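Peer 1: These two chains come separately, so use the hints to put the complex back together.
As given, the protein sequences belong to chains P and B, one line each in that order.
If you read the first sequence in the working numbering, its first letter stands for residue 4, the second for the next number, and so on.
If you read the second sequence in the working numbering, its first letter stands for residue 61, the second for the next number, and so on.
Calculated directly from the structure, the hints in this document are not laboratory data.
Model, not experiment: these values are computed from the prediction.
Keep in mind that a hint or two might mislead.
Claimed, not checked - Pairs of lysine-lysine, PhoX-like flavour, derived with a Cα cap of 20 Å:
#	chain 1	residue 1	chain 2	residue 2
1	B	K82	P	K7
2	B	K177	P	K197
3	P	K10	B	K82
4	B	K116	B	K105
5	B	K177	B	K105
Stated by the list, open to error - Chain B regions said to be covered by chain P (calculated; three or more residues, Cβ under 8 Å):
#	region
6	83 to 89
7	96 to 108
8	118 to 131
9	199 to 208
10	214 to 226
Unchecked claim - Here are some of the chain P residues that sit facing chain B, going by a computed Cβ distance under 8 Å:
#	residue
11	K7
12	M19
13	P21
14	M22
15	N28
16	L64
17	F87
18	A120
19	P134
20	R135
21	I175
22	A180
23	L182
24	L183
25	L186
Where is the CB? At the ideal position from N, CA and C, for every residue including glycine.
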Amino acid sequence: MAYKFDKASILVVDDMLPMTRLVGNLLTTLGFRTVDTANTADKGFDLFCRHGHDIVLADWLMEPYDGIDMARKIRTDAASPNKFVPIIMMTGYSHRIRVEQARDIGVTEFLMKPFRARDLFARIEQLIERPRQFVECEGFFGPDRRRRRAAGEFGGPDRREGMGGETKGASIDRDAAALLKNLHDQIREAEQSKGRR
Amino acid sequence: MSTPARKKKARFYPASDNLRQKMGTGGIDPQVLERAEQQFAQAEKDYLPLAAGIFKKLETAIAEVSAEKIGERDAIERIAGPVMELKATGGMFGYALISEIAAVALDFLENVDAPDKDVMDIVKIHQRSLNAILTSRIKGQGGKEGLALSRELQAACQRYYTKHNITP
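Isolated chain B (complex conformation) (with noise of 0.2 Å):
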């Protein structure tokens, strides 16, 4: 019988107050905070270019996976990635109901194994809301009519779950 090797021992280090000796303490003046918000409003302007890359990569990643091109194991992954950028990048530069619905897909993408027909659909949905907000520039959350739109997406991911027997 072999003898199991030995586990290093975890070694600790304590933690370090480098950064309360170099800022202090005290927290932060709520008016240098509310000029901080105030920058991404003077964003806004750089997002739509920004955006159109990134759909393009969208784009790009559905017609190759529609048409076979990427392994089945990539292929949630390739999509995902775009979709992520949309969702990280939206609500900082003032389309948060770009990010709102991105979300969405990402969350759906997280949760299924593989693009069958069905998932497909769902994310071409995602897609092409995303593309009308984008075209339309319409910014912020778009409203009630917004949120009744995300719901709606967020219920076609959930009746998919429900098929699959899928526990997001």
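So that you can see chain P by itself, here it is in the shape it has in the complex (with noise of 0.2 Å):
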């Protein structure tokens, strides 16, 4: 038995049209058949008000209003149709700050840019199998902040393995292999001057 996706709706909010278009086609893949996309928050929580979707996926970076504003919105707005749907925030920041950041207006899942499709549905099932409750407090109302450290930070070189491309060692086009040596010489050959300043 696998998950009945096509039984929930799904609301993805980007401003950039490419990664909307590819985290809708992804859902879709993997059997979503109701997914809905905006590209600013203000229509991202318009939708979500006319809809009540059962999962927002939203990017952190939009203008003028940011996913950390529609976030905070659907958690705390009188027209907000559910005030405990599970958001998933997408961004390609990492550091703790940022993350303690958007787990303090009340986002249940932190989605690292870039991802693989296997890192999307990871947190869909997480959702899934581990629903988390809610607390309501003194300038807080949201999932329960008490867990793990988000997994999977996108740490540049160290983390290589699985996203894509060639694996780790393979060679690639002789001049892409030139250009990309003679950077790294330039770089080197920089700071090796500036050392000796």
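Peer 2: Shown next as structure tokens:
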């Protein structure tokens, strides 16, 4: 038996059209049938008020209002049809302070970009299998924050495995290799001459 | 002596099993997940115009910070925004080395306070590297040369941390 994703609705909010399209396609391929998309936080909130989706997937950095503003509205605005809805925040930010900021306004899960389909699936599975109690106290309403740290931080060359492209150590096109080697040598030389000064 | 205000007691709401009721249990067919992974390859063609727009924002931010048009407090954040977007998008559209190098730059920017000359020099070598990779359309991780490049950039950041007594 597999999850019946076709029974649930999901809202994707991202201001980059190719990203919205890609994430929408990923979700459709996973089996979701109702995938709504919006390219601003305002439009996303309006859609959520109209349809009351089961899951919200929002990007952090958007203008004029960002994903954090939208999450706050979903959790606190009188017009919100479901203040308990699971919110997955997608972002390239991974520093602890940013994660805590998102957590403190009531974001349920954090999804670090770039991600793969299995990372997206893992977050959705987490929402299904490990739903969290909600807490309302002074200055906070959202999922219980006492939980493990976010996993899968993308720290540059330290997380090459599984990020697509070719495997570690594989060779690339000769021109590309020469260009990258040249850049590397220039940076090393510049840094060494700085050290000598 | 005034009485301290009484803190509102926390109220707890039990976890909802709404999603499980709708979607059931049982995981996912590995073939479906594999098909989903293939969506990334189909999205590659969308990347260069998207990256060009983000890169333009990065260039503008660097120029404004270099010309001191932005207050010190906002300067790092202004540069970090497009760097984060390059990190976020590259690997999802087949340009993993863009994500890798932008991640090194973002990590650096999140550990420094002000855009002094050394910081801007490091930001600019990242910018130059990202630009070269995009212009030459180097997809994937760039093999061992790509790894050597990102390690060299990391080493440059590390030297800055050492010089300025920063513990990342």
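Peer 1: None of the hints should be skipped; say for each whether it holds.
Peer 2: Each hint, compared with the structure:
1. B:K82 x P:K7: holds, 7 Å
2. B:K177 x P:K197: Given that 20 Å is the threshold and the Cα spacing comes to 12 Å, the pair holds.
3. P:K10 x B:K82: holds, 6 Å
4. B:K116 x B:K105: Since the Cα atoms of K116 of chain B and K105 of chain B sit roughly 19 Å apart, the hinted pair holds (cutoff 20 Å).
5. B:K177 x B:K105: violated, 37 Å
6. 83 to 89: holds (count 7)
7. 96 to 108: holds (count 8)
8. 118 to 131: Three-residue rule not met by the region 118 to 131 of chain B, so violated; n is 0.
9. 199 to 208: holds (count 10)
10. 214 to 226: Since three or more residues must qualify, the claim that chain P covers the region 214 to 226 of chain B holds, with 4 doing so at under 8 Å.
11. K7: Holds: closest Cβ of chain B sits about 5 Å from K7 of chain P, inside 8 Å.
12. M19: holds, 6 Å
13. P21: Constraint on P21 of chain P satisfied, holds at 4 Å.
14. M22: holds, 7 Å
15. N28: holds, 5 Å
16. L64: Interface hint status for L64 of chain P: holds (6 Å vs cutoff 8 Å).
17. F87: holds, 6 Å
18. A120: holds, 4 Å
19. P134: holds, 4 Å
20. R135: Holds, about 5 Å.
21. I175: holds, 4 Å
22. A180: With Cβ-Cβ at 5 Å, under 8 Å, it holds.
23. L182: holds, 5 Å
24. L183: holds, 4 Å
25. L186: Since the shortest Cβ distance to chain B is 5 Å, the answer is holds.
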